[in-house]
Amino acid sequence: MKRILLQDTNGSLKKELRDFYVSLNSYLRDNGLTDKAQVVVVSNIGVYDKGIVAKVIPEGFVYINLQNASIPDIVQKTILNGEKIEGLVFDKKNKQMRLVLRNCGIIDPESIDDYIAHDGYQGLANALAMGPERVIEEMKRAGLRGRGGAGFPTWMKWNITRGVKGDEKYIICNGDEGDPGAYMDRSVLEGDPHSVIEGMVIGGFAMAAKHGIFYIRAEYPLAVERIQKAIDVCYTKGLLGKDIFGSGFDFDIEIRLGAGAFVCGEETALIASVEGLRGYPRPRPPFPSIKGLWGKPTAINNVETLANVPYIFLKGGEAFGKIGTEGSKGTKVFALTGKVKNSGLVEVPMGTTLREIVFDIGGGVLDNRAIKAIQTGGPSGGVIPEQFFDTPVEYESLQKLGSIMGSGGMIVMDENDCMVDISKFYLGFCVDESCGKCVPCRLGGTQMLHILKKISEGNGDLEDMVKLNQIAQAMQKASLCGLGQTAANPVLSTMKYFDDEYKAHIIDKKCPSGKCASLVSYGINKDRCTACGLCVRNCPVKAISGDRQSKYTIDMAKCIGCGNCYEVCKCSAVVRQ
Amino acid sequence: MVVETLKDDVQAVIARWKDREGNLIMILHDIQDRYGYVPREAALEVSRQSDMPLARIYEVLTFYNYFKLEAPGKFNISVCLGTACYLKGAAALIAEIRHVLRVEEGQTTKDGLFHLQIVRCLGCCGLAPVITVDEKVYSAVKRSDVVGIIAEHSKGLEAN
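Chains as they are written, first to last, in numbering that gives the first Met the number 0: chain A, 0 to 576; chain B, 0 to 159.
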């Protein structure tokens with residue numbers, strides 16, 4: 000049975016859409032075709048301002064500007080014969096490319112048969128037949144780089160671990176997705192657990208590692224459950240355990256849970272956590288590839304990296320290498336969130352520009368406000384202002400702009416977001432999550448946060464910006480692990496691109512976006528005020544006085560700048576300065 | 000807290016993990032799943048049965064945010080303070096909950112009904128801002144929704 004999805008973005012089911020829905024259903028019923036197609040109203044198809052939008056599944060045709068008159072055509076041609084109706088079809092080139100997410104939402108994640116029916120474990124069979132050396136060769140040809148953020152070539156990581164002598168080796172899948180604002184790994188683990196397992200077995204085979212460990216956040220119970228189920232069924236099917244596919248290769252996988260520590264995304268801290276210790280990082284070298292878990296050679300790969308691997312061995316490294324750009328191959332999944340119309344996961348080939356992602360795929364900024372910046376890389380990344388939106392997404396190009404690819408968080412910020420406030424937010428996160436082992440990160444972060452707080456309260460001076468820069472540099476150079484080394488990035492990049500905003504806080508004692516409570520004052524415009532009294536009722540500190548006749552005024556001595564009155568006022572009488 | 004089965008519970012958990020190296024975190028997870036937090040008695044029992052210094056257990060318990068050392072409330076309100084939720088006004092939600100329940104982050108109301116915690120990203124940024132009460136997820140929450148969400152859970156309980 001086919002499905003016709005109708006888009007109803009704000010859930011209001013406007014009259015035209017309701018008419019269309021009813022007519023379509025009646026047409027199907029009158030012609031005895033209710034068993035041929037099911038009509039489903041969904042919240043989003045991803046096409047905007049194009050009238051009534053419908054998508055026919057499984058063909059995937061998207062039809063736009065639909066009228067009741069087109070119903071017979073859609074049913075007769077597309078539903079019954081699978082033909083595309085050229086006059087109605089939405090022909091914009093689809094900029095997304097689903098490779099990592101190829102099975103998510105399409106297969107039943109708890110059914111191995113479904114995965115196998117979609118070419119699952121075919122890549123593993125190919126890899127086992129190739130032998131370890133050629134597996135690494137193939138990975139080199141593919142050019143896959145780590146998707147956890149730093150972008151280290153995966154083949155090189157595997158090759159180093161392979162080259163180290165030792166009978167015990169480990170491969171760990173890093174599923175401790177701690178970046179606030181990103182959830183790609185959760186979706187893959189939950190939606191296509193077998194692809195990650197398959198990637199891990201191939202990696203283990205290439206390095207002669209016999210043990211695999213999934214390190215997953217305890218905050219993702221469904222992901223843990225699905226991976227566990229998938230592991231269990233693999234053992235019964237002979238895809239894990241002894242002598243996989245009769246190749247003589249043995250491989251075991253177990254799950255270890257994280258317990259809510261952002262620093263455990265760092266390799267050496269993650270290893271400590273798997274060993275049951277506090278998640279403290281340790282100096283490198285020796286790198287985990289040489290001395291990792293229990294002192295044995297260990298390769299640590301991100302969830303998304305491993306999910307790419309089966310595709311490489313299914314289609315070949317060369318085919319994979321054709322996707323993306325010269326230095327960055329394949330696709331990248333982003334969690335597009337923040338002030339964007341269509342937030343969600345997007346997967347694009349490397350080299351797609353930021354503008355295409357946010358405007359063409361994401362549909363632009365919420366409420367049509369002006370965009371201020373895009374933030375990538377989470378607390379380790381930076382903000383990118385509008386003049387650089389045409390930059391293609393690649394590891395190097397983003398780094399040049401002072402941000403990083405990161406694990407894939409992409410957050411859209413509009414004119415109402417204050418950059419000082421944002422950098423305070425990210426730095427606050429890193430200070431909270433700093434493990435406290437090394438001084439630059441522990442003290443540096445706290446001091447920087449202190450200065451930022453001072454600036455946001457209107458007590459900063461220009462000297463503070465110099466200090467911020469100095470501490471940031473010390474942290475970058477002297478911190479023990481990636482957390483401390485990158486914690487200052489959000490501050491540095493906001494200072495670089497939004498210098499004027501910092502200066503407005505420092506010199507003019509004003510917050511241009513109206514976010515920093517101490518720098519904003521509120522007043523009531525009596526001409527617009529209708530004396531409804533909403534503001535009085537919502538003021539938590541009773542700073543608003545007056546009555547229906549004399550209208551209301553705000554007592555600035557009592558006001559705490561929470562903005563409640565500004566938000567609730569229905570006639571824009573409350574003004575913010 | 001005294002649970003009669005505590006000794007046996009801990010024994011069963013330890014037996015489950017005894018063959019694995021580095022099992023402490025997994026043992027503590029199992030205990031927290033059982034009781035909702037890690038009671039001091041249970042930590043002592045783990046220390047006794049597995050011959051591990053108590054300091055070694057608390058070293059881990061206090062490092063990781065996920066482990067709770069105190070009994071949670073009947074309902075646990077988690078407010079997401081990931082970046083997407085923050086941008087869409089999660090801070091105002093926290094202020095409102097504090098105001099309504101009169102508790103700070105990490106505290107439980109006097110009647111033991113609600114526990115407020117702030118979490119860093121629940122991984123559903125598309126629904127921002129997000130609040131969960133136990134397993135129930137509330138998406139795109141507005142400040143004005145907060146009272147209703149709390150009332151939904153406390154309703155009917157006051158009669159008892």
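None of these hints come from the bench; they were simulated from the model.
Where hints are given, some of them may not hold.
Stated by the list, open to error - Derived PhoX-like pairs (lysine-lysine); straight-line CA-CA distance at most 20 Å:
{"hint": "1", "chain 1": "B", "residue 1": "K73", "chain 2": "A", "residue 2": "K514"}
{"hint": "2", "chain 1": "A", "residue 1": "K94", "chain 2": "A", "residue 2": "K321"}
{"hint": "3", "chain 1": "A", "residue 1": "K452", "chain 2": "A", "residue 2": "K436"}
{"hint": "4", "chain 1": "B", "residue 1": "K141", "chain 2": "A", "residue 2": "K340"}
{"hint": "5", "chain 1": "A", "residue 1": "K569", "chain 2": "A", "residue 2": "K525"}
{"hint": "6", "chain 1": "A", "residue 1": "K13", "chain 2": "A", "residue 2": "K76"}
{"hint": "7", "chain 1": "A", "residue 1": "K399", "chain 2": "A", "residue 2": "K452"}
{"hint": "8", "chain 1": "A", "residue 1": "K476", "chain 2": "A", "residue 2": "K466"}
{"hint": "9", "chain 1": "A", "residue 1": "K569", "chain 2": "B", "residue 2": "K141"}
What the hints assert, rightly or not - Pairwise CB distance ranges, derived in the manner of DEER restraints:
{"hint": "10", "chain 1": "B", "residue 1": "R97", "chain 2": "A", "residue 2": "S517", "range": "15 to 21 Å"}
{"hint": "11", "chain 1": "A", "residue 1": "A124", "chain 2": "B", "residue 2": "R97", "range": "53 to 59 Å"}
{"hint": "12", "chain 1": "B", "residue 1": "H152", "chain 2": "A", "residue 2": "D554", "range": "32 to 38 Å"}
{"hint": "13", "chain 1": "A", "residue 1": "A556", "chain 2": "B", "residue 2": "R97", "range": "21 to 27 Å"}
{"hint": "14", "chain 1": "B", "residue 1": "H152", "chain 2": "A", "residue 2": "K466", "range": "45 to 51 Å"}
{"hint": "15", "chain 1": "A", "residue 1": "I506", "chain 2": "B", "residue 2": "G35", "range": "47 to 53 Å"}
{"hint": "16", "chain 1": "A", "residue 1": "K1", "chain 2": "B", "residue 2": "Q10", "range": "55 to 61 Å"}
We put the CB at the ideal spot given by N, CA and C, even for glycine.
Going down the list of hints, with the structure as the test:
1. K73/B to K514/A: This hinted pair is violated, its Cα atoms lying about 35 Å apart.
2. K94/A to K321/A: Given that 20 Å is the threshold and the Cα spacing comes to 16 Å, the pair holds.
3. K452/A to K436/A: violated (24 Å)
4. K141/B to K340/A: Holds - the C-alpha atoms of K340/A and K141/B are around 17 Å apart, at most 20 Å.
5. K569/A to K525/A: Since the Cα atoms of K569/A and K525/A sit roughly 14 Å apart, the hinted pair holds (cutoff 20 Å).
6. K13/A to K76/A: Roughly 27 Å separates the two Cα atoms, so the pair is violated.
7. K399/A to K452/A: Violated, at roughly 28 Å.
8. K476/A to K466/A: Distance ~16 Å between K476/A and K466/A Cα, so the pair holds.
9. K569/A to K141/B: Holds: K569/A and K141/B sit about 16 Å apart, inside 20 Å.
10. R97/B to S517/A: 15 to 21 Å: With a Cβ separation near 19 Å, R97/B and S517/A satisfy 15 to 21 Å, so the hint holds.
11. A124/A to R97/B: 53 to 59 Å: Roughly 57 Å apart at Cβ, these two residues keep to the hinted range, so it holds.
12. H152/B to D554/A: 32 to 38 Å: Between H152/B and D554/A, where Cβ atoms are some 36 Å apart, the hint holds.
13. A556/A to R97/B: 21 to 27 Å: holds (23 Å)
14. H152/B to K466/A: 45 to 51 Å: Once the Cβ atoms are compared, 47 Å apart, the range 45 to 51 Å for K466/A and H152/B holds.
15. I506/A to G35/B: 47 to 53 Å: holds (52 Å)
16. K1/A to Q10/B: 55 to 61 Å: holds (57 Å)
Hints 1, 3, 6, 7 from the list above are not met by this structure, while the remaining hints are.
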